[in-house]
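Participant: Sequence:
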Amino acid sequence: MKVLVINAGSSSLKYQLMDPSTQEVLAKGLCERIGIDGRLTHKVPATNGKYEFEIPMPTHAEAIQAVLDALTNAEHGVIKSMSEIDAVGHRVVHGGEKFASSVLIDDSVMAAIEECIPLAPLHNPANITGIRACQKVMPGVPMVAVFDTAFHQTMPARAFIYAIHYEYYEENHVRRYGFHGTSHLYVSRRAAAILGRPIEELKIVTCHLGNGSSVCAIDGGKSIETSMGFTPLDGLPMGTRCGSIDVSIIEYLMDTHHLTIEEVMNILNKKSGVLGVSGVSSDFRDIEAAAAEGNQRAQLALDMFCYKTTKRIASASAAMGGIDAVVFTAGVGENSPELREQIVSSLGFMGIKIDPEKNNIKGEERDISAADATVHTLLIPTNEELVIAQDTAAIVGK
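Taking UniProt numbering, the leading residue of the sequence shown gets 1, the next gets one more, and so forth.
Treat the hints with care, since some could be wrong.
Said to hold, decoys possible - With a Cα cut of at most 25 Å, we get these calculated DSS-like pairs of lysine-lysine:
1) LYS28 with LYS14
2) LYS43 with LYS80
3) LYS28 with LYS80
4) LYS50 with LYS14
5) LYS28 with LYS358
6) LYS50 with LYS2
7) LYS398 with LYS98
8) LYS308 with LYS222
9) LYS28 with LYS222
10) LYS308 with LYS271
11) LYS362 with LYS43
12) LYS353 with LYS308
13) LYS43 with LYS14
14) LYS14 with LYS203
15) LYS203 with LYS353
16) LYS311 with LYS203
17) LYS358 with LYS311
18) LYS2 with LYS398
19) LYS362 with LYS14
20) LYS80 with LYS2
21) LYS14 with LYS270
22) LYS203 with LYS358
23) LYS80 with LYS50
24) LYS14 with LYS80
25) LYS28 with LYS43
26) LYS222 with LYS270
27) LYS80 with LYS98
28) LYS222 with LYS203
29) LYS50 with LYS362
30) LYS203 with LYS2
31) LYS43 with LYS2
32) LYS311 with LYS222
33) LYS80 with LYS136
34) LYS136 with LYS398
35) LYS136 with LYS28
36) LYS353 with LYS311
To be verified - Distance windows between CB atoms, simulated:
37) ASP303 with ARG132: 41 to 47 Å
38) TYR162 with PRO142: 33 to 39 Å
39) GLY363 with THR154: 36 to 42 Å
40) GLY196 with ILE36: 19 to 25 Å
It is worth saying that the hints were derived from the structure and are not from the lab.
Where a beta carbon is used, it is the ideal one built from N, C-alpha and C, also for glycine.
With the hints as extra help, turn the sequences into a complete structure.
Facilitator: As structure tokens, then:
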């Protein structure tokens, strides 16, 4: 079976065509500047081919068509016709409480995704646009929605309820949802495989660290606690997001700087995090470079991020009553040996220690634990697209 995986953003669209049974990626790429002009980068792993095109993409429909044209192109395509695509798997950020697993998309599912737009106003509209664009140019091809929030639906009420009027939960569904679910699911399964133990026996803390970051406590293969909340703004400080703060700060900033609630939320979502503290960049690589040159605010941003990640690992372990492994993944987690080392440096009391030599690596699956560690520390590159493709194949196969 060949599955096309689509991850649609507001002005971009990532894709992969893969065989979920063999995990082979036939082609992958990125459409950028949708609604502006349009650029397609198409890669064929088998030949190391990379192709770039300037293609008008006024909407996502033209972007999807450009992807299909690239996949079927006589020179750089990997399939002869669109009929070889058996199904499409779509990443959808927010499924609310309606979806605890991936589902075949029909009119009722689309309506439910639309109902969740107020919970993810920046993400769900783009996801819906991507689905509709595919339906338009690929009529009759089965499509599956894979939700970022679904994996966290196993959290107990004590973990997801906020201490506000209970009616806000009952009537408005205000609760902790959590995100990055497909990533946390994938790396926890890989961790169990690496350790050669059933996941049902393991207590794992997964750290998805990048421009968006979250920590998850996974007990017996199920999410029981995660750092992101009602929206992806909660939890760790991130590239541009503030993470957990005293909510009274919002009112204070509005009063002292004469800002609207929209302006404050824009600041907290797009101008805060390590960007706001460092004043340098939202890219951790830029911040690490600036810190190495003596920029004190850049160093403070890194220290703050590591400190708060360390605390989240410890609290996630406490939520499970123990820990067998901690996993680092995503852009920062996979590619910054220095930050991984700083994060775990004060967790020796929990049995978490890493070997500096083993840790001196980027983007490769490896156990980086020290010889005398009693808790495994693993580096596992995430593969959300594979989870989406496998879920899609399983559902369509039924």
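Participant: Give a verdict on every hint.
Facilitator: Quick rundown of the hints versus the structure:
A threshold of 25 Å between alpha carbons decides the hint, and for LYS28 with LYS14 the separation of about 8 Å falls inside it, so the pair holds. The straight-line distance between the Cα atoms of LYS43 and LYS80 is roughly 17 Å, inside the 25 Å bound, and the hint therefore holds. Note on LYS28 and LYS80: the hinted pairing holds, with a Cα-Cα distance of about 16 Å set against a maximum of 25 Å. Restraint check for LYS50 and LYS14: the C-alpha separation of about 15 Å stays at or below 25 Å, so the hint holds.
Pair hint LYS28 plus LYS358 does not hold up; C-alpha atoms about 31 Å apart against a cutoff of 25 Å. With a C-alpha separation of about 21 Å, the suggested pairing of LYS50 with LYS2 holds against the 25 Å cut-off. About 21 Å separates the Cα atoms of LYS398 and LYS98, which keeps this hinted pair within 25 Å; it holds. A distance of roughly 23 Å separates the Cα atoms of LYS308 and LYS222; the hinted pair therefore holds under the 25 Å criterion.
About 30 Å separates the Cα atoms of LYS28 and LYS222, which puts this hinted pair outside 25 Å; it is violated. The suggested pairing of LYS308 with LYS271 holds, with an alpha-carbon distance near 19 Å, which does not exceed 25 Å. Only pairs whose Cα atoms come within 25 Å are accepted, and LYS362 paired with LYS43 is accepted, the gap being roughly 22 Å. For a cut-off of 25 Å, the pair hint linking LYS353 to LYS308 stands: about 18 Å separates their Cα positions.
Between LYS43 and LYS14 the CA atoms are separated by roughly 12 Å; this keeps the pair inside 25 Å, and the hint holds. Straight-line distance between C-alpha atoms of LYS14 and LYS203 comes to about 33 Å, which puts the hinted pair past the 25 Å bound. In summary, the hint linking LYS203 to LYS353 is supported, as the alpha carbons are separated by about 17 Å, within the 25 Å threshold. For the hint linking LYS311 to LYS203, the alpha-carbon distance of about 17 Å falls within 25 Å, and the restraint holds.
Our distance criterion of 25 Å between C-alpha atoms is met by LYS358 and LYS311, whose separation comes to about 24 Å. Between LYS2 and LYS398, the direct Cα distance comes to roughly 15 Å. Compliance with the 25 Å bound is thereby established for this hinted pair. A hinted pair counts as satisfied when its Cα atoms are at most 25 Å apart, and LYS362 with LYS14 qualifies at roughly 23 Å. Note on LYS80 and LYS2: the hinted pairing holds, with a Cα-Cα distance of about 13 Å set against a maximum of 25 Å.
The hinted pair formed by LYS14 and LYS270 meets the criterion: a straight-line CA distance of about 22 Å does not exceed 25 Å. At most 25 Å may separate the alpha-carbon atoms for a hinted pair to count; LYS203 and LYS358 meet this at roughly 23 Å. A hinted pair counts as satisfied when its Cα atoms are at most 25 Å apart, and LYS80 with LYS50 qualifies at roughly 19 Å. For the hint linking LYS14 to LYS80, the alpha-carbon distance of about 21 Å falls within 25 Å, and the restraint holds.
Pair hint LYS28 plus LYS43 holds up; C-alpha atoms about 5 Å apart against a cutoff of 25 Å. With a CA separation close to 31 Å, the supplied pair LYS222 and LYS270 exceeds the 25 Å bound. At most 25 Å may separate the alpha-carbon atoms for a hinted pair to count; LYS80 and LYS98 exceed this at roughly 38 Å. A threshold of 25 Å between alpha carbons decides the hint, and for LYS222 with LYS203 the separation of about 9 Å falls inside it, so the pair holds.
With a C-alpha separation of about 23 Å, the suggested pair LYS50 and LYS362 falls inside the 25 Å cut-off, and the hint holds. With a C-alpha separation of about 34 Å, the suggested pairing of LYS203 with LYS2 is violated against the 25 Å cut-off. A distance of roughly 17 Å separates the Cα atoms of LYS43 and LYS2; the hinted pair therefore holds under the 25 Å criterion. Pair hint LYS311 plus LYS222 holds up; C-alpha atoms about 21 Å apart against a cutoff of 25 Å.
For a cut-off of 25 Å, the pair hint linking LYS80 to LYS136 stands: about 20 Å separates their Cα positions. Under the criterion of a C-alpha separation no larger than 25 Å, the hint pairing LYS136 with LYS398 is consistent with the structure, at around 24 Å. For the suggested pair LYS136 and LYS28, the alpha carbons sit about 21 Å apart, so the restraint of at most 25 Å is met. Between LYS353 and LYS311 the alpha-carbon distance is near 16 Å, which keeps this suggested pair within the 25 Å criterion.
Separation of ASP303 from ARG132 is about 45 Å and conforms to the stated range, judged on CB atoms against 41 to 47 Å. The supplied range of 33 to 39 Å is met by TYR162 and PRO142, whose beta-carbon atoms lie about 37 Å from each other. Between GLY363 and THR154 the CB atoms are about 29 Å apart, so this pair departs from the stated range of 36 to 42 Å. Taken as a hint, the range 19 to 25 Å is violated for the pair GLY196 and ILE36, whose Cβ atoms sit roughly 49 Å apart.
The structure fails hints 5, 9, 14, 26, 27, 30, 39 and 40 (numbered hints given earlier, in ascending order).
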